[in-house]
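Residue-level listing of the chains:
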Amino acid sequence: MKSWPRLAGLWLIVALFAPAWPCVAAAQPMLLVQDDLADLRPNEVTGQTWATTSRADLQGQFCAARSGTPTRLALVSHALSRRQRDDCAAAKDGKLVEALIGRRAVIAMTSGANFALTPELLYRALVRDVAAPDGEFIANRVARWRDLDASLPDAPIRILLPPSGSIESRIVSDVILYEGCAVRAGAMLPADPLKRMAICTTLRTDNAVTHAADRPTVTAWLRGQGNAALALVGVAVLLAEPDLETALPLDGVTPSFANIADGRYRAALPVYLLTVISPETARTVAGIAGPLLAEATIGPLGKLPRRGLAPLAAADRVKLRVSLGREFENAAD
Amino acid sequence: MRLTDKCLAAVVLLLALAGGMLPAWAAEPGETVQGILPLADRQLPLPRGEWIVAGMGVQTQPQDAAGPFGVVRSAVLIQRSGDRVTAIAEFNTNEIALSDGWDAPHPCDAAAADFRLDRYHSRLDAACVSVATSHITGGPPAWQQALGFIASRHWQCDETMLTAAFVVSDRQDFVDARLHFDPAGLPGQDDAQRILFAWATRFAPEFEKGLANQLTGPPFDGPLRAALLSDTPTLDSRLLELEALQGDGAISAADALSQQQAAQNERPRSAEPEPVSVDGWYYRLSTPLINLVTAYGVTQSAPLAVAIALTEHVAHTFVYAATQASWDRATGQATRHTSAWPVLIHIGDTDKPAGATS
Numbered sequence: 001m002k003s004w005p006r007l008a009g010l011w012l013i014v015a016l017f018a019p020a021w022p023c024v025a026a027a028q029p030m031l032l033v034q035d036d037l038a039d040l041r042p043n044e045v046t047g048q049t050w051a052t053t054s055r056a057d058l059q060g061q062f063c064a065a066r067s068g069t070p071t072r073l074a075l076v077s078h079a080l081s082r083r084q085r086d087d088c089a090a091a092k093d094g095k096l097v098e099a100l101i102g103r104r105a106v107i108a109m110t111s112g113a114n115f116a117l118t119p120e121l122l123y124r125a126l127v128r129d130v131a132a133p134d135g136e137f138i139a140n141r142v143a144r145w146r147d148l149d150a151s152l153p154d155a156p157i158r159i160l161l162p163p164s165g166s167i168e169s170r171i172v173s174d175v176i177l178y179e180g181c182a183v184r185a186g187a188m189l190p191a192d193p194l195k196r197m198a199i200c201t202t203l204r205t206d207n208a209v210t211h212a213a214d215r216p217t218v219t220a221w222l223r224g225q226g227n228a229a230l231a232l233v234g235v236a237v238l239l240a241e242p243d244l245e246t247a248l249p250l251d252g253v254t255p256s257f258a259n260i261a262d263g264r265y266r267a268a269l270p271v272y273l274l275t276v277i278s279p280e281t282a283r284t285v286a287g288i289a290g291p292l293l294a295e296a297t298i299g300p301l302g303k304l305p306r307r308g309l310a311p312l313a314a315a316d317r318v319k320l321r322v323s324l325g326r327e328f329e330n331a332a333d
Numbered sequence: 334m335r336l337t338d339k340c341l342a343a344v345v346l347l348l349a350l351a352g353g354m355l356p357a358w359a360a361e362p363g364e365t366v367q368g369i370l371p372l373a374d375r376q377l378p379l380p381r382g383e384w385i386v387a388g389m390g391v392q393t394q395p396q397d398a399a400g401p402f403g404v405v406r407s408a409v410l411i412q413r414s415g416d417r418v419t420a421i422a423e424f425n426t427n428e429i430a431l432s433d434g435w436d437a438p439h440p441c442d443a444a445a446a447d448f449r450l451d452r453y454h455s456r457l458d459a460a461c462v463s464v465a466t467s468h469i470t471g472g473p474p475a476w477q478q479a480l481g482f483i484a485s486r487h488w489q490c491d492e493t494m495l496t497a498a499f500v501v502s503d504r505q506d507f508v509d510a511r512l513h514f515d516p517a518g519l520p521g522q523d524d525a526q527r528i529l530f531a532w533a534t535r536f537a538p539e540f541e542k543g544l545a546n547q548l549t550g551p552p553f554d555g556p557l558r559a560a561l562l563s564d565t566p567t568l569d570s571r572l573l574e575l576e577a578l579q580g581d582g583a584i585s586a587a588d589a590l591s592q593q594q595a596a597q598n599e600r601p602r603s604a605e606p607e608p609v610s611v612d613g614w615y616y617r618l619s620t621p622l623i624n625l626v627t628a629y630g631v632t633q634s635a636p637l638a639v640a641i642a643l644t645e646h647v648a649h650t651f652v653y654a655a656t657q658a659s660w661d662r663a664t665g666q667a668t669r670h671t672s673a674w675p676v677l678i679h680i681g682d683t684d685k686p687a688g689a690t691s
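Residue numbers (the numbering used here), protein chains in the order written: chain A, 1 to 333; chain B, 334 to 691.
Simulated from the structure, these hints should not be mistaken for laboratory data.
Incorrect hints may appear among the rest.
Straight line, CA to CA, 16 angstroms or less: simulated EDC-like cross-link-like pairs of lysine to aspartate or glutamate [as the list claims (entries may be wrong)]:
| id | chain 1 | residue 1 | chain 2 | residue 2 |
| --- | --- | --- | --- | --- |
| 1 | A | K303 | B | D588 |
| 2 | B | K542 | B | D374 |
| 3 | A | K319 | B | D374 |
Distance windows between CB atoms, simulated [to be verified]:
| id | chain 1 | residue 1 | chain 2 | residue 2 | range |
| --- | --- | --- | --- | --- | --- |
| 4 | A | A51 | B | Q547 | 21 to 31 angstroms |
| 5 | A | T49 | B | D588 | 55 to 65 angstroms |
| 6 | A | D134 | B | W488 | 47 to 57 angstroms |
| 7 | A | S278 | B | A583 | 31 to 41 angstroms |
| 8 | B | Q367 | A | R85 | 49 to 59 angstroms |
| 9 | B | R600 | A | T49 | 40 to 50 angstroms |
| 10 | A | G224 | B | Q396 | 57 to 67 angstroms |
| 11 | B | A586 | A | D35 | 28 to 38 angstroms |
| 12 | A | D86 | B | N546 | 58 to 68 angstroms |
Computed from a prediction, not measured in an experiment: that's the story for all the values here.
Backbone N, C-alpha and C fix where the C-beta goes; we use that ideal spot for every residue, glycine too.
Generate the whole structure from the sequences, applying the supplied hints.
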């Protein structure tokens, strides 16, 4: 019972400072990173904590933030739609900026074999069920590359996939397999988008397909699997393993940084930095976005490419820094 | 400091001093090197990976052609995968530095024009790159030694390779390098030449850095891997260096940005023809026109005016060409260098006389 004076003191403090809570809470910057981009580890670049959020929730959270929140930045892999942009900008007391800072990509590497790939070939090599001539979907039993196309190597299909949950894994499903599926089985696919997605992206589970989880290195895996084995890897793996040299073109386009950056190579997703700039927030946002847009971060020799970001072209990186720098200056003035 | 520490420090100091007095390290056949081959006190860049020194030698020059550069040092290195030779590096460089440059350097003149780039070319320096198919047959003494080295290990070497040739020269030194790649490791012929040429143009500045002993970074990736990575490696490094200077406070943020923008336009241009300016076109067209109008005003005869204007134009052109030629001849004589460009034998040069022994 002797503790009541302490409790009373605590209550007094709470009561006195309660009106200031929203201000204290509002002072915290809102930094969000989409869950499958969290491997870019923006917190290590900016020195601030970035909350990991699912793709479905991120844009909603970002746009629904209180208008008093001084700093909002987010890393996302999809551009806002026009409607989202309008809604978001209207709620923000500032200018909404959506800056492309690089891309994530999937690259097909071999230990030396060269052959042409298309999304359709990869779909037929990877998917669990394929469309039979009568329109039924039956188990995929294709075992050799040559069974898919006479121009391909006469060797068993062995494909190493990116780790589950990674953005590279999503690129394989959402971009490569879905596109290959639409080309191969378009008319036979169900109208329901969920069923369609399931049919197009459910992977086979036999020994043609391996997940990258516990492999020592991709180079070692490729060497152990024979010449025509294929590893679908991201930029981080490419940069980490200097012995990876031979990459297969997809639809005739080499997966070079230049082709990925200009959008010609299609097995890729963009990475955008979203932020809102207003006169009050310009300096704070610049303080966080600056290190994130630095050459030492997004340049080819920077931190983020080593974590999977395919860099923009040099001219575009400089242009990005110049244009955002002007935005910050203009807003601050 | 204890006595043993003092002794240790003294030994380290003596070793360091002795190291400074020793001649520069020279590779021996059978040794492996990565990134840089030291040759004649210069650094020669090697693409990433392990390279085996297979032959070392010299190429002496015909008596009437030699300048005071001693000999041309040659080195041949190979890269292999299993028992297959996948790449050959062939280097030539002068032993003794000159003071007054090389007369009439003739870089890259043997290659197909589609795959040739004169990075720059003046009376004092030159740098060029070319790509062509080579027949890996005879060659200089270092190559003969390398052939024995390869045969003794029962390694296989393709007779036809794709070759990236580099020549860099300044007032003191030259480097003539050829990197031969097994086409089996590259895509189809046209793509392979294009990929190799794009790579070679990016690799070429490494030879200039090596000539100045300024190779410090990690080795350059080979053509296949480099084709996947950034196509502006030199610019990327420069942008990073400028940003680091800004971070250190050596230059302001505005200066850093302005220099980053300027860096994008920086390239050696002396080999490019001067563009004809608008002023040049105006001068070329206006002078005959004014002459024609003046002649017509005086003579009141169109045929006569045309004849006078044409005569003036032709005479002017001849006088201009003669003046230009005599000026070129005079400056050529005035800036002529005494040391002739060395006569070099490369791998595949079966028709040239062999150089001296290794």
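We went through each hint and held it up to the structure:
1. Between K303/A and D588/B, the direct Cα distance comes to roughly 24 angstroms. Violation of the 16 angstroms bound is thereby established for this hinted pair.
2. For a cut-off of 16 angstroms, the pair hint linking K542/B to D374/B stands: about 13 angstroms separates their Cα positions.
3. For the hint pairing K319/A with D374/B, the CA-to-CA distance comes to about 42 angstroms; that exceeds 16 angstroms, so the pair is violated.
4. Between A51/A and Q547/B the C-beta distance comes to about 46 angstroms, which lies outside the given range of 21 to 31 angstroms.
5. With their beta carbons about 33 angstroms apart, T49/A and D588/B fall outside the hinted range of 55 to 65 angstroms.
6. The hinted window of 47 to 57 angstroms between D134/A and W488/B holds, with their beta carbons roughly 55 angstroms apart.
7. For S278/A and A583/B, the hinted distance range of 31 to 41 angstroms is satisfied, since their beta carbons lie about 33 angstroms from each other.
8. Taken as a hint, the range 49 to 59 angstroms holds for the pair Q367/B and R85/A, whose Cβ atoms sit roughly 51 angstroms apart.
9. One distance hint, 40 to 50 angstroms for the beta-carbon pair R600/B and T49/A, holds here, with the actual separation near 43 angstroms.
10. In this structure, G224/A and Q396/B meet the distance hint of 57 to 67 angstroms, their C-beta atoms being roughly 59 angstroms apart.
11. Between A586/B and D35/A the CB atoms are about 34 angstroms apart, so this pair conforms to the stated range of 28 to 38 angstroms.
12. Judged by the Cβ atoms, the range 58 to 68 angstroms given for D86/A and N546/B holds: they are separated by roughly 59 angstroms.
Hint compliance for this structure: hints 1, 3, 4 and 5 are broken, all remaining hints hold.
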